[in-house]
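Residue strings, one per chain:
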Amino acid sequence: MDSAFVIEKFILVAVIFGISLVIAMYSTYAERKVAAYLQDRLGPDRAGPFGILQPLADGIKMFMKEEIIPTSSNRFLFIAGPGLALLCACIGTAVIPWGSPVLIAGKTIPLQVSDINVGVLYIFGVVSLGVYGVMIGGWASNNKYSLLSAIRAASQNISYEIAMGLSIIALLLMTNTLSLKEIVGQQHGLNWNVWYQPLGFLIFMVCSFAETNRAPFDLPECETELIGGYHTEYSSMKLGFYLFAEYINMFVSSAVMAALYWGGYNYPGMDYVAAHLGPTWAPLIGTAVFFGKIVMFIFFFMWVRWTIPRFRYDQLMNLGWKGLIPLAIANIIITGVVIAIIEKF
Amino acid sequence: MESLSNKKKVLEQKPLSFMERMYLPAIAKGMGITISHLFKKEATVRYPEVEREFSTNFRGMHSLKRDENGKERCTACGLCALSCPAEAITMIAAERKPEEKHLYREEKYAATYEINMLRCIFCGLCEEACPKEAIYLDGPIVPADYLRKDFIYGKDKLVEAPLEMKK
Ligand code: SF4
Ligand code: SF4
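Heads up: the protein sequence lines correspond to chains A and B, in order. Heads up: the first sequence at position 185 corresponds to 185 in the UniProt record's numbering, and the numbers run straight through without jumps. Heads up: the second sequence at position 36 corresponds to 36 in the UniProt record's numbering, and the numbers run straight through without jumps.
For the record, the hints were derived by calculation from the structure and aren't laboratory data. Idealized CB from N, CA, C, for every residue including glycine. Be aware that one or more of the hints could be misleading.
Far from chain A, some chain B residues (derived; all Cβ distances over 10 Å) [unchecked claim]:
no.	residue
1	Gly60
2	Leu82
3	Ala94
4	Arg96
5	Phe151
6	Lys155
If you only want the chain B side, here are some residues facing chain A, beta carbon under 7 Å, derived [what the hints assert, rightly or not]:
no.	residue
7	Ile27
8	Gly30
9	Thr34
10	His37
11	Leu38
12	Lys40
13	Glu42
14	Ala43
15	Thr44
16	Val45
Next comes chain A alone, as it looks inside the complex (with noise of 0.2 Å):
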């Protein structure tokens, strides 16, 4: 391992870190745009030109807010909460390939931060993990509202990794690798799984609604019955860690839909890009596109947050148990018969 090496990667890590905040900021002043206009409001447009610097004052006013924690609950978990949460939404982002190889400066430079050879199961581990910030934030504040939502979340995740565990499983039937690179690296062109996985994108992005905690599946943080979910006692930028955490996960899901079932960085007439614009701006173009693709994921994300009512508890339970993951066994059982016929042919 070179010096090079490591500042390479650096860099590359200190650059995801900064635009995955950055979306995530501006996720939460997109979400209240969407929701204005899709309920003909207007939305914030008082700070900057049409309201770009809210996030900015949103932080701001997050930054200035007195600071309470509960005399009864317990300080260090309190603390380790909102940290652990938003950890574990931010690491998730290292797998990722952003892009195909990039050539600067005579270096071919991968744009992923690590390529290891069960990245989905690392997305997967890192997404279950993230449960564990709510559970002890939740725990830790010492408030029935909050345990009851951290058991809530940790129910519900529990319950929907099953059916989107199951659910990936036809997809790496047809792929034959769990690192997400090559996945992606297969889906040249227009050659997405989602042609091929209708239904298995379909589970996995609603158990990626679920794993969120987006709407429909917001029980944990449903006000009207739980005050503010596990958060209710948190105050300040712990509450802001929270809320940040929700949109960096909903960033980082909508990145991993997007590489594994729509391409990713790849989209039709790629060769012809790479031929005429060469190996240092081709991959570029790539990357804004697989950003594209993520920033029509995280609308479609706050479109469905304003349309669909939050689902009841049983009927959460009924829909993951009853129907997603029966669903997602038929899937793998439909896609490996496919499979071993065309191999037979």
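Given the coordinates of chain A, assemble chain B with the ligands onto it according to the supplied hints.
What follows is chain B with the ligands alone, placed relative to chain A:
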């Protein structure tokens, strides 16, 4: 029991059909509705810059009117105070001196006239009760303030500006 108004609707809770249990058709329909609103005109009025127009029968702040010669019309008869359901109006009457003839139309006038804007419900009954057409609720919205005493509006705030000033 038989319904007299014919407005009663009997609701029954049927188990969901298969299509309904799939959620997706209904979700797609709902998403279509929300996205259509993306292209609709927003109803927001950017308040400090733009003000919404009041309807013609809007009742705002009171004003005590003057007649065509600029004399105050109110004769302190107290009918407005009597008709006020919120008891928001008080006044002290005084007799007009000969040299004040150009100021007040009637021989008796209101030396002080106060409306408590916190009590007032803007019903407009004072306007209706007045025999001299002296009070109208044709002003703007009563502005917010910090102290209760500042909501008691005297003649300085209520009486219309004199004619010369209005021109
Ligand atoms: S508008 Fe109604 S409540 Fe207000 S002062 Fe006149 S009569 Fe009283
Ligand atoms: S405003 Fe009209 S009703 Fe009230 S005291 Fe004056 S004249 Fe009488």
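**OP:** Hold the hint about Gly30/B up to the distance rule: shortest CB distance to chain A must be less than 7 Å.
**Re:** Given a least distance of 5 Å, the restraint on Gly30/B holds.
**OP:** Grab the minimum beta-carbon distance between Leu82/B and chain A and tell me whether it stays above 10 Å.
**Re:** Non-interface label on Leu82/B holds, nearest chain A Cβ at 45 Å vs cutoff 10 Å.
**OP:** Grab the minimum beta-carbon distance between Phe151/B and chain A and tell me whether it stays above 10 Å.
**Re:** At roughly 29 Å from the nearest Cβ of chain A, Phe151/B sits farther out than 10 Å, so the non-interface label holds.
Subject >> Restraint satisfaction for Glu42/B [CB to CB of chain A, less than 7 Å] >> reply: holds, 5 Å
**OP:** Under 7 Å, Cβ to Cβ, is where Thr44/B needs to be relative to chain A, so tell me if that hint holds or is violated.
**Re:** holds, 4 Å
Original post:
Non-interface claim for Arg96/B: all C-beta distances to chain A beyond 10 Å?
Top reply: holds, 53 Å
**OP:** Double-check Ile27/B for me: the hint is only fine if its C-beta lies closer than 7 Å to a C-beta in chain A.
**Re:** At about 6 Å, which falls below the 7 Å cut-off, the nearest Cβ of chain A leaves the hint on Ile27/B intact, so it holds.
Original post:
Once the shortest beta carbon distance from Ala43/B to chain A is found, is it less than 7 Å?
Top reply: This hint holds: Ala43/B lies near chain A, its Cβ roughly 5 Å from the closest one there, short of 7 Å.
**OP:** Mind checking the CB of Leu38/B against every CB in chain A and telling me if the closest is under 7 Å?
**Re:** Given a least distance of 5 Å, the restraint on Leu38/B holds.
Subject >> Lys40/B as an interface hint toward chain A, with CB separation required under 7 Å >> reply: holds, 5 Å
Subject >> Status of the His37/B interface restraint (C-beta, 7 Å, chain A) >> reply: Since the shortest Cβ distance to chain A is 5 Å, the answer is holds.
**OP:** Classify the label on Ala94/B as holds or violated, using whether its beta-carbon is more than 10 Å from each beta-carbon of chain A.
**Re:** holds, 50 Å
Violation of the numbered hints given earlier is confined to hint 16; every other hint is satisfied by the structure.
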